[in-house]
Amino acid sequence: GQNIDQPTEMTATEGAIVQINCTYQTSGFNGLFWYQQHAGEAPTFLSYNVLDGLEEKGRFSSFLSRSKGYSYLLLKELQMKDSASYLCAVRGSGGANNLFFGTGTRLTVIP
Amino acid sequence: EAEVAQSPRYKITEKSQAVAFWCDPISGHATLYWYRQILGQGPELLVQFQDESVVDDSQLPKDRFSAERLKGVDSTLKIQPAELGDSAMYLCASSSGTSGQETQYFGPGTRLLVL
Numbered sequence: 008g009q010n011i012d013q014p015t016e017m018t019a020t021e022g023a024i025v026q027i028n029c030t031y032q033t034s035g036f037n038g039l040f041w042y043q044q045h046a047g048e049a050p051t052f053l054s055y056n057v058l059d060g061l062e063e064k065g066r067f068s069s070f071l072s073r074s075k076g077y078s079y080l081l082l083k084e085l086q087m088k089d090s091a092s093y094l095c096a097v098r099g100s101g102g103a104n105n106l107f108f109g110t111g112t113r114l115t116v117i118p
Numbered sequence: 004e005a006e007v008a009q010s011p012r013y014k015i016t017e018k019s020q021a022v023a024f025w026c027d028p029i030s031g032h033a034t035l036y037w038y039r040q041i042l043g044q045g046p047e048l049l050v051q052f053q054d055e056s057v058v059d060d061s062q063l064p065k066d067r068f069s070a071e072r073l074k075g076v077d078s079t080l081k082i083q084p085a086e087l088g089d090s091a092m093y094l095c096a097s098s099s100g101t102s103g104q105e106t107q108y109f110g111p112g113t114r115l116l117v118l
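Chains C and Y, in that order, give the protein sequences. Mapping of the first sequence onto my numbering: residues 8 to 118, in sequence order. Mapping of the second sequence onto my numbering: residues 4 to 118, in sequence order.
Don't read these hints as lab results, they were simulated from the structure. Some hints could be false.
Now the stretches of chain C that chain Y is said to cover, found in silico as 3 or more residues with beta-carbon under 8 Å [what the hints assert, rightly or not]:
id	stretch
1	47 to 60
2	73 to 79
Ranges between beta-carbon positions, derived for each pair [what the hints assert, rightly or not]:
id	chain 1	residue 1	chain 2	residue 2	range
3	C	Q9	Y	T106	18 to 28 Å
4	Y	Q62	C	M17	22 to 32 Å
5	Y	L42	C	D59	31 to 41 Å
6	C	R66	Y	L42	24 to 34 Å
7	C	I24	Y	E55	38 to 48 Å
8	C	I117	Y	Y13	27 to 37 Å
9	C	E21	Y	S69	28 to 38 Å
10	Y	A23	C	S34	27 to 37 Å
11	Y	Q44	C	K88	18 to 28 Å
12	C	S74	Y	Q62	21 to 31 Å
13	Y	S10	C	P14	27 to 37 Å
14	Y	L73	C	K83	42 to 52 Å
15	C	K75	Y	S10	35 to 45 Å
16	C	S34	Y	T106	18 to 28 Å
Derived coverage of chain Y by chain C (criterion: at least 3 residues anywhere in the stretch with Cβ under 8 Å from a Cβ of chain C; other residues may be distant) [said to hold, decoys possible]:
id	stretch
17	38 to 48
18	105 to 117
Just so we're clear, the structure is a prediction, and the values are computed from it rather than from any experiment. Yeah, the Cβ is synthetic: ideal placement off N, Cα and C, and Gly gets one too.
Modelling step: build the complete structure from the supplied sequences, incorporating the hints.
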C-alpha cells in the first residue's frame, strides 16, 4: 500500500522561512514531487527529487532522503501569495508510474 | 505557455443524472490522467491513458464511470448515474511520457456538485 504523511496545517509569518515535511511508505519509489495548490485551483508543479539531497529553485528548495522515506519543502522569504496547500506526491515504480498524493499541508502566511 | 484545458469549469447536477467532462492535454503529451480530489484531500488517480490505450483504471468505479481517449488526444470522463458522493474536483493532467521523470501538468479542473 501507499502511505504519505504531511502536517494538515501550518502558519508562518511573512518574510520568514517555513519547512513542510513529508514522510512516505510506498511500494517502490521513482521520484517525489511537490505541488502548490491555491484554493479552488489546480496543482502547479514546484519541484522534483529522485536522488538524495537538496534541490534549490529560487525561494523554494526540496530535500529527499530515500533511506528515511522523508522529504521536506523549504520556503524562504515568505510572501502572502504563498498561502496555499502544498502537496507531496510519490511516484511508484510500477509500469504505470502513477503518482500517489498526500492530503496536503495548508500553509497560511500572516503579516 | 501550453496548458491543459478542461471544460466545464463548474457543473451542478442532480443525483441519477449523467455528467461528462472534457480534457485537452498539452500538445504532444502522450500520457493523460484523470484524478478526483475531494475537498481537503489530495488527488486520487481514476484512470491513466498512454495515447489511446488505458494503462491503469484500477481505481475507476466502472459501474458508473467511463473514460475514453479515442484518437489519443483529448479525453472525456463520464459519470452515469451521478451520486451525492461524486461531488469533488475532477482534475485532468498530462505528461510527455511515463519513463518516471516526466512532470504531470494539471488543468484547471471541473468542480462537480451533485444535489
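Taking the hints in turn, this is what the structure says about them:
| no. | hint | verdict |
| --- | --- | --- |
| 1 | 47 to 60 | holds (count 8) |
| 2 | 73 to 79 | violated (count 0) |
| 3 | Q9(C) / T106(Y): 18 to 28 Å | holds, 19 Å |
| 4 | Q62(Y) / M17(C): 22 to 32 Å | holds, 29 Å |
| 5 | L42(Y) / D59(C): 31 to 41 Å | holds, 34 Å |
| 6 | R66(C) / L42(Y): 24 to 34 Å | holds, 28 Å |
| 7 | I24(C) / E55(Y): 38 to 48 Å | holds, 46 Å |
| 8 | I117(C) / Y13(Y): 27 to 37 Å | holds, 30 Å |
| 9 | E21(C) / S69(Y): 28 to 38 Å | violated, 47 Å |
| 10 | A23(Y) / S34(C): 27 to 37 Å | holds, 33 Å |
| 11 | Q44(Y) / K88(C): 18 to 28 Å | holds, 23 Å |
| 12 | S74(C) / Q62(Y): 21 to 31 Å | holds, 29 Å |
| 13 | S10(Y) / P14(C): 27 to 37 Å | holds, 35 Å |
| 14 | L73(Y) / K83(C): 42 to 52 Å | holds, 46 Å |
| 15 | K75(C) / S10(Y): 35 to 45 Å | holds, 43 Å |
| 16 | S34(C) / T106(Y): 18 to 28 Å | holds, 22 Å |
| 17 | 38 to 48 | holds (count 6) |
| 18 | 105 to 117 | holds (count 8) |
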